[in-house]
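Engineer: Now for the letters of each chain:
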Amino acid sequence: MSATALGPVLMFAIVLSPVYLMLAGWIFGRPRELRLPLIGISFLAGFTVLAWAGMAIFGLLVELAYFS
Amino acid sequence: MTTTAAAPGRTENDVHTAGRIATILRPLGRPSWRWYVTLAFALAGLAWFLHAWSFQLQHGLVVTGLGDWGYAGGIPWGFYVGSFIWWVGIAHGGIIISAAVRLFRMDAFAPIARIAELLTLAALINAGLYIVIHLGRPGRVVTSILPNLPHTLQTSPLAWDVVVITLYFVLTATYLTLTLRHDLRLVADRLPRPFKPLYRLLLVGHRDGEHAKAERMAWWLALGLIILAPFFLHGGVIPWLFALLPGHPGWFGAVQGPAFLAAALGSALGAATLLAYVMRRTYRWETLIDDRVFRGLSRWTGLFSLLFLWLQLQKVVTGLSMPPDAIGGVVAATVRHPLYWVAMAMLAVTVAHVGFQMLAPHRFSVRRTAAVAVLPLVAILLEKYLFVIEGLMYPTFRLYEGVPGTYTPSWVELSSLLGALSIVVLFFLLAAKAVPMIELEQEETS
Chain A
1 MSATALGPVL MFAIVLSPVY LMLAGWIFGR PRELRLPLIG ISFLAGFTVL AWAGMAIFGL
61 LVELAYFS
Chain B
1 MTTTAAAPGR TENDVHTAGR IATILRPLGR PSWRWYVTLA FALAGLAWFL HAWSFQLQHG
61 LVVTGLGDWG YAGGIPWGFY VGSFIWWVGI AHGGIIISAA VRLFRMDAFA PIARIAELLT
121 LAALINAGLY IVIHLGRPGR VVTSILPNLP HTLQTSPLAW DVVVITLYFV LTATYLTLTL
181 RHDLRLVADR LPRPFKPLYR LLLVGHRDGE HAKAERMAWW LALGLIILAP FFLHGGVIPW
241 LFALLPGHPG WFGAVQGPAF LAAALGSALG AATLLAYVMR RTYRWETLID DRVFRGLSRW
301 TGLFSLLFLW LQLQKVVTGL SMPPDAIGGV VAATVRHPLY WVAMAMLAVT VAHVGFQMLA
361 PHRFSVRRTA AVAVLPLVAI LLEKYLFVIE GLMYPTFRLY EGVPGTYTPS WVELSSLLGA
421 LSIVVLFFLL AAKAVPMIEL EQEETS
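For the protein sequence lines, the chains are A and B, in the order given.
What the first sequence shows, in the numbering used here, is residues 1 to 68, in sequence order.
What the second sequence shows, in the numbering used here, is residues 1 to 446, in sequence order.
The reader is advised that the hints may include incorrect statements.
Claimed, not checked - A short list of chain B residues far from chain A (calculated; beta carbon distances all over 10 Å):
hint: 1; residue: R140
hint: 2; residue: L171
hint: 3; residue: L198
hint: 4; residue: W220
hint: 5; residue: V255
hint: 6; residue: W310
hint: 7; residue: P324
hint: 8; residue: L386
hint: 9; residue: W411
What the hints assert, rightly or not - Covered, in the sense of this in silico footprint (three residues per stretch, anywhere, with C-beta under 8 Å from a C-beta of chain B), are these stretches of chain A:
hint: 10; segment: 7-17
hint: 11; segment: 26-40
hint: 12; segment: 43-49
hint: 13; segment: 52-64
It is worth saying that the hints were derived from the structure and are not from the lab.
Positions of the beta carbon are idealized from the N, C-alpha and C atoms, including for glycine.
Just need the whole structure built from these sequences, with the hints factored in.
Structural biologist: The following block contains the structure:
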């Protein structure tokens, strides 16, 4: 396998596989209901946005304070 | 079940459970003077670090000698990257403790599961902080990394690292939220008012009948984490940052995965032991975090310290026996460095302490166990620091051979350690005032 192909396969097929398993368990596992899994997925998305938006705002503030 | 000794309508079991919950909620009360003194020290430590970081932001990474090929003997990475590995290892080990409690019913460790989860979040904040500091300009984390991710993800372990650190933070925060929701609802009337907005966010969409589903979702999340953390993160992507670079013989090779994982678990268990000791002592939790917890933590810390020592033995024997020149050079330099032997001695004492406690169980001491837990923490930090700089000092291609100078961590870099430790202290001071530090449900079932 060439190095070029390794990254996407490694990340999306191997490293993320436990996350796929987890999401399948949330959605199809018992007790069967979708409301809380959707809230859980919202938390996953919300924390991702929180981490990167927080970083972006912090980076912007430092740029303004030290590099403008 | 009798009701003779309890109030009318309440069983003894109810009274017992209520008493335990009241003990668990003890930290949520009014802060003591000790809490304020600790807060003052932590804020002072953080202020000193911010002063040092501000100095670096004003003058650039030149104040550390790092960045590009630097002026420190060709060491573009140094204390910052070594500390990053250390913190991310502590983070991975922390959540593994909690996930193991839920998945494998390791009930003896149930009282420290949430402490381990919070340790993971605090350590991940510090791991991320070290990436930010090391990049020089914090804005670059977003402006350089994110837009290029579709391209860099193809081949760059650094890009993989950014993805998994984000993934790990998000999964841990969600896991903590799922397990907190039931507890927050259960004791809603006893929670401190200043954190109400936080509780409202965490309890969004909450319904009283959701607990069984939430528990099951936490189980699936724990399963995902216990596969991810050891096999793909601290035994995978993090060591691959180094192990995939054949130009650096000190880093290259398949052994880095197991070695990183053993180091992570040893240092994380040491950190969890220390935190458990501080919490138990501060809040008089001898009945909740009993001696069995410390006996168990001590044994696992000793086991992973021994595993790490064994992997070091493999490295030293293969590197000194009849090695290729490049590998021989870096291993010879490693064993000549006094700090390496200080680290190995600390790990050996950790293992010996476990042996002593097994041979003489009546001499077991929680205080001594907590004191010994510091050793693997310091040892792994020293080893990771040496691992990074010596891997760079002995490359195959002599890329930086003509660069003058030698590398010693600057005061700015060393100040970051004080700052990171202060962040952990602040994090736990606030967390202890905001949420139950022990899972009420797991405590009830254990």
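Engineer: Please settle this one: R140/B was flagged as non-interface, so is its CB more than 10 Å from every CB on chain A?
Structural biologist: violated (7 Å)
Engineer: Within the assertion that chain B covers the segment 43-49 of chain A, do at least three residues meet a Cβ-to-Cβ distance smaller than 8 Å?
Structural biologist: The restraint on the segment 43-49 of chain A holds, since 4 of its residues have a Cβ under 8 Å from chain B and three suffice.
Engineer: Does the claim that W220/B lies outside the interface with chain A hold up, using a Cβ gap greater than 10 Å?
Structural biologist: violated (3 Å)
Engineer: Are all beta-carbon distances from L386/B to chain A longer than 10 Å?
Structural biologist: Holds: least Cβ distance 28 Å, greater than 10 Å.
Engineer: Mind verifying the non-interface call on W411/B? Its CB should be farther than 10 Å from each CB in chain A.
Structural biologist: Answer for W411/B: holds, closest chain A Cβ roughly 19 Å.
Engineer: Establish whether the coverage given for the segment 52-64 of chain A by chain B is satisfied; the threshold is a Cβ-Cβ distance below 8 Å, and no fewer than three residues must meet it.
Structural biologist: With 8 residues close enough to chain B, the hint holds.
Engineer: At least three residues with a C-beta closer than 8 Å to a C-beta of chain B: is that true for the segment 7-17 of chain A?
Structural biologist: It holds, with 8 qualifying residues against the three required.
Engineer: Between the segment 26-40 of chain A and chain B, see if three or more residues pass the 8 Å beta-carbon test, and mark the coverage as holds or violated.
Structural biologist: n = 10 at 8 Å, threshold three: holds.
Engineer: Would you check whether the claim that W310/B is not at the interface survives, using Cβ distances to chain A and the 10 Å cut-off?
Structural biologist: holds (27 Å)
Engineer: Beyond 10 Å from every chain A Cβ: check whether that's true for P324/B.
Structural biologist: holds (23 Å)
Engineer: Hey, is L171/B genuinely clear of chain A, shortest beta carbon separation above 10 Å?
Structural biologist: Check fails; 7 Å does not lie beyond 10 Å.
Engineer: Is V255/B truly not at the interface, in the sense that its beta carbon sits beyond 10 Å from all beta carbons of chain A?
Structural biologist: holds (19 Å)
Violation of the numbered hints given earlier is confined to hints 1, 2, 4; the remaining hints are satisfied by the structure.
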